[in-house]
Amino acid sequence: MPATTASRQPLPARLCLILGVVVTAASFVALLVILGFYFAGSSQHPQLFGTALWGFPVGFTLMCLYVIFSLGRRRRLSPA
1 MPATTASRQP LPARLCLILG VVVTAASFVA LLVILGFYFA GSSQHPQLFG
51 TALWGFPVGF TLMCLYVIFS LGRRRRLSPA
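Position one of the sequence shown corresponds to residue 1 (the UniProt record's numbering), numbered consecutively onward.
Calculated directly from the structure, the hints in this document are not laboratory data.
These figures come from a predicted structure and were not determined experimentally.
Virtual Cβ for every residue (Gly too), placed ideally from N, Cα, C.
Hints are not guaranteed to be accurate.
Stated by the list, open to error - Computed beta-carbon distance windows for the label pairs: (1) Gln44 with Val21: 16 to 26 Å; (2) Gly41 with Arg74: 48 to 58 Å; (3) Pro46 with Gly72: 31 to 41 Å; (4) Gly36 with Thr61: 25 to 35 Å; (5) Pro46 with Leu19: 18 to 28 Å; (6) Phe39 with Val67: 32 to 42 Å; (7) Gly36 with Pro57: 39 to 49 Å.
With the hints as constraints, model all of the structure from the sequences given.
Written as structure tokens, this is what we have:
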């Protein structure tokens, strides 16, 4: 059975992808909780705002780093 592309990537690239997905997912959940509290008419915890505000850019930046690692690795492995 062939290995997937993510399993053949070096550890820093895989960590960037995994952390990026986890941070983005946590930020999305925080955003949904903020919206739920808003429509319920109750007050939100300030940490939820921080997670939603900083989570999306950090998560997407980490996922972009994974793409850059993949492009660099693919460029080195491709025959010239």
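Hint check, failures only: 7
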